[in-house]
Amino acid sequence: MAIKKFAVACYDDEEVLFPAVKKVRNSGYKLHDVYTPFPVHGLDGALGLKETDLHVAGFIYGIAGTCTAVGFMSWIFMSDWPVNFGGKPHFSLPAFIPITFELTVLFAAVGMVLTFCYLNQIMPGVKKHVFHPRQSDDLFVVALEINEQVSEQEVTDFLKSTGAVETSIQIAESEWWYGRFDKDEPYQQYKTVNG
Amino acid sequence: MNDRFEIPARLRNTSLGLIAVGVLVLIIGGVTKLGGDHYEQTRFWLVLLQTSVFFLLMAVASIFIQAAASLAQGGWIVAYKRIPEAIGANVWVFGLIAGIILMCVAFVFSVDGHNPIYHWVHPEGDKLLEGKSAFLNPAMFAGFTIVTIALWSFFGHKFRALSIAQESAPKNSTKIYWNMVKWSAGFLLVYALTQMSTTPWMWIMSIDAHWYSTMFSWYTFSSAFVSGMSVILLFVVYLKNQGNLEIVNKEHVHDLGKFMFAFSIFWTYTWFAQYMLIWYSNIPEETTYFKMRQQGPYSMIWYSVFIINFIMPILILMARPSKRNYFTVSFMALVIIFGHWLDFYIMTMPGPLGSHWTLGWYELGILAGFAGLMMFTVSRTLTKASLVPNNHPLLKEAILHQS
Numbered sequence: 000m001a002i003k004k005f006a007v008a009c010y011d012d013e014e015v016l017f018p019a020v021k022k023v024r025n026s027g028y029k030l031h032d033v034y035t036p037f038p039v040h041g042l043d044g045a046l047g048l049k050e051t052d053l054h055v056a057g058f059i060y061g062i063a064g065t066c067t068a069v070g071f072m073s074w075i076f077m078s079d080w081p082v083n084f085g086g087k088p089h090f091s092l093p094a095f096i097p098i099t100f101e102l103t104v105l106f107a108a109v110g111m112v113l114t115f116c117y118l119n120q121i122m123p124g125v126k127k128h129v130f131h132p133r134q135s136d137d138l139f140v141v142a143l144e145i146n147e148q149v150s151e152q153e154v155t156d157f158l159k160s161t162g163a164v165e166t167s168i169q170i171a172e173s174e175w176w177y178g179r180f181d182k183d184e185p186y187q188q189y190k191t192v193n194g
Numbered sequence: 000m001n002d003r004f005e006i007p008a009r010l011r012n013t014s015l016g017l018i019a020v021g022v023l024v025l026i027i028g029g030v031t032k033l034g035g036d037h038y039e040q041t042r043f044w045l046v047l048l049q050t051s052v053f054f055l056l057m058a059v060a061s062i063f064i065q066a067a068a069s070l071a072q073g074g075w076i077v078a079y080k081r082i083p084e085a086i087g088a089n090v091w092v093f094g095l096i097a098g099i100i101l102m103c104v105a106f107v108f109s110v111d112g113h114n115p116i117y118h119w120v121h122p123e124g125d126k127l128l129e130g131k132s133a134f135l136n137p138a139m140f141a142g143f144t145i146v147t148i149a150l151w152s153f154f155g156h157k158f159r160a161l162s163i164a165q166e167s168a169p170k171n172s173t174k175i176y177w178n179m180v181k182w183s184a185g186f187l188l189v190y191a192l193t194q195m196s197t198t199p200w201m202w203i204m205s206i207d208a209h210w211y212s213t214m215f216s217w218y219t220f221s222s223a224f225v226s227g228m229s230v231i232l233l234f235v236v237y238l239k240n241q242g243n244l245e246i247v248n249k250e251h252v253h254d255l256g257k258f259m260f261a262f263s264i265f266w267t268y269t270w271f272a273q274y275m276l277i278w279y280s281n282i283p284e285e286t287t288y289f290k291m292r293q294q295g296p297y298s299m300i301w302y303s304v305f306i307i308n309f310i311m312p313i314l315i316l317m318a319r320p321s322k323r324n325y326f327t328v329s330f331m332a333l334v335i336i337f338g339h340w341l342d343f344y345i346m347t348m349p350g351p352l353g354s355h356w357t358l359g360w361y362e363l364g365i366l367a368g369f370a371g372l373m374m375f376t377v378s379r380t381l382t383k384a385s386l387v388p389n390n391h392p393l394l395k396e397a398i399l400h401q402s
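Chains as they are written, first to last, in numbering that gives the first Met the number 0: chain H, 0 to 194; chain E, 0 to 402.
Hints listed in this document are in silico derivations from the structure and should not be mistaken for laboratory results.
A few of these clues could be false.
With a straight-line Cα cutoff of 27 Å, these simulated DSS-like cross-link-like pairs (lysine-lysine) come out [as the list claims (entries may be wrong)]:
| id | chain 1 | residue 1 | chain 2 | residue 2 |
| --- | --- | --- | --- | --- |
| 1 | E | K170 | E | K157 |
| 2 | E | K395 | H | K21 |
| 3 | E | K290 | H | K87 |
| 4 | H | K159 | H | K22 |
| 5 | E | K249 | H | K21 |
Simulated restraints, written as ranges between beta carbons of each label pair [what the hints assert, rightly or not]:
| id | chain 1 | residue 1 | chain 2 | residue 2 | range |
| --- | --- | --- | --- | --- | --- |
| 6 | H | A63 | E | K383 | 52 to 60 Å |
| 7 | H | A63 | E | A261 | 21 to 29 Å |
| 8 | H | I98 | E | N136 | 41 to 49 Å |
| 9 | E | V146 | H | D43 | 49 to 57 Å |
| 10 | E | P320 | H | S26 | 29 to 37 Å |
| 11 | E | L188 | H | V125 | 50 to 58 Å |
Since the model is a prediction, treat every value here as computed from it, not as a measurement.
Quick reminder that beta carbons are idealized off the backbone N, C-alpha and C, glycines included.
Please build the complete structure, drawing on both the sequences and the hints.
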């Protein structure tokens, strides 16, 4: 729970967005996030986002799946309930391979999806502040984190100069919360400086 | 831009040296082995058959990747397009050599009136082989081999000719581009009917003529394809180190590395699928094939092939930084090519030689000779045209490629 103050700029074209993001990063303002209606290629590079370690997590989940499958099947067929299948040895590794493979994929896939949701803080029912209703429609929204020492007029002028079609100053929750948008958003104040 | 390639003296000397080693080993092998007992004679021909077919299929994989990329309108391959083209344009060299060796093995080689490698040449008295003789007979073999190699050589030559013609076409003309798409569709049909189905049956699987597997062609294809991508990668990295191919960067190498990684796993999938079904059903006439390889005299090679072709690529090439490191990918390319050569070794040797196998100067010398031939012919073809396809419609996309 953290109520913070944001300067929000909306752009109507990704051609404008890229130079704007570059200017914002060079300006020294703290970039909160950029919201786009569709995945924009190269934006992660422009934002300077680091490669995630999601694939390392995936590798670990996969190995966990492999160990689970081999261990469980070995236990079943060797000690818990040994059955003679056509004279084959109880520990028949080739027969275990398909199931081991499937469990490896299953563990890696499910684990990575859950980790992805955790990293992005998305789950059914989890809400985050929406800076502009059209950020999932046709506007590219850049949110800067500011504080009381930053002049609202100055940051608005700066954002206008980068080509923003609409700017606003918002005081809102920066983290997620559980509940509904209309009733449960803890605190929200929205104002536009200079129209 | 430095888009012209001139063969450095070092490359010329190395490749000619390797060819000389190969020829020398071939002559010494011919003198010592052809006069020996029938195992020695069989080994002489079998190693030639294994290595020449391996190099031919590996070179044809270059034509396949061009056709596949062209049909899928893949742009990234355009950055180093000249390399698969040059390998494809030299398919006729490897085809000619493999064709001569295959003909010699089928028609010239004979010990006491029977053929130790292709038993089906004389099927008399063997019910199984007589039953298969509608497909496995000398006339079919000769005709099929000639037609296949001729078609492959033609397409390899045609793809390069089309690409060179694009250079002198009017600016922004896409006529040749679409023409190439049509020829690619034709090649995929030919490839599906040869490499992906019948050719490995004819040339390799028929060495163990009593045994058959419906996975075999896919398995051979995956072997040839992953080694073919490794060869392309080695040329890309070599030219890059020579200061050519400035438009190729880590993104392209990364994607080639992904191909090597993915198809190493695909190879394991086919390798294991073929093995497991036979292991599971446990029918004696099918399991003899793996009895010899997995538990018999070849078990050491069998398990090394698995380690080299699966464990090493999956562990080393899995991480993103290793696919973007020129040293790691080149090293893995060499390992993969050697591993799949060993895989072809284990496809061919056990049937005729049984426990009388060796892996010594003769086998490695022939491998060196073919490697030298590949280096020499391909680099000579590369000098003949600009390394950058300047007029290709997808060139910009290829330069901006992000993996």
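Structure-based check of all given hints:
A threshold of 27 Å between alpha carbons decides the hint, and for E/K170 with E/K157 the separation of about 21 Å falls inside it, so the pair holds. At most 27 Å may separate the alpha-carbon atoms for a hinted pair to count; E/K395 and H/K21 meet this at roughly 24 Å. The hinted pair formed by E/K290 and H/K87 meets the criterion: a straight-line CA distance of about 15 Å does not exceed 27 Å. Restraint check: the Cα-Cα separation between H/K159 and H/K22 comes to about 12 Å, which is no more than 27 Å; the hinted pair holds.
This hinted pair checks out: E/K249 and H/K21 have alpha carbons roughly 24 Å apart, not beyond 27 Å. Checking the proposed 52 to 60 Å range against H/A63 and E/K383 shows it holds: the Cβ atoms sit about 54 Å from each other. Range check, H/A63 to E/A261: Cβ separation about 23 Å, and the 21 to 29 Å hint holds. For the pair H/I98 and E/N136, the supplied restraint of 41 to 49 Å holds, since their beta-carbon distance comes to about 44 Å.
In this structure the hint that E/V146 and H/D43 lie 49 to 57 Å apart at CB holds, the actual value being about 51 Å. Between E/P320 and H/S26 the Cβ separation comes to about 32 Å, which falls inside the hinted range of 29 to 37 Å. The given range of 50 to 58 Å is respected by E/L188 and H/V125, whose C-beta atoms sit roughly 52 Å from each other.
The structure is consistent with each of the numbered hints, conforming to all of them.
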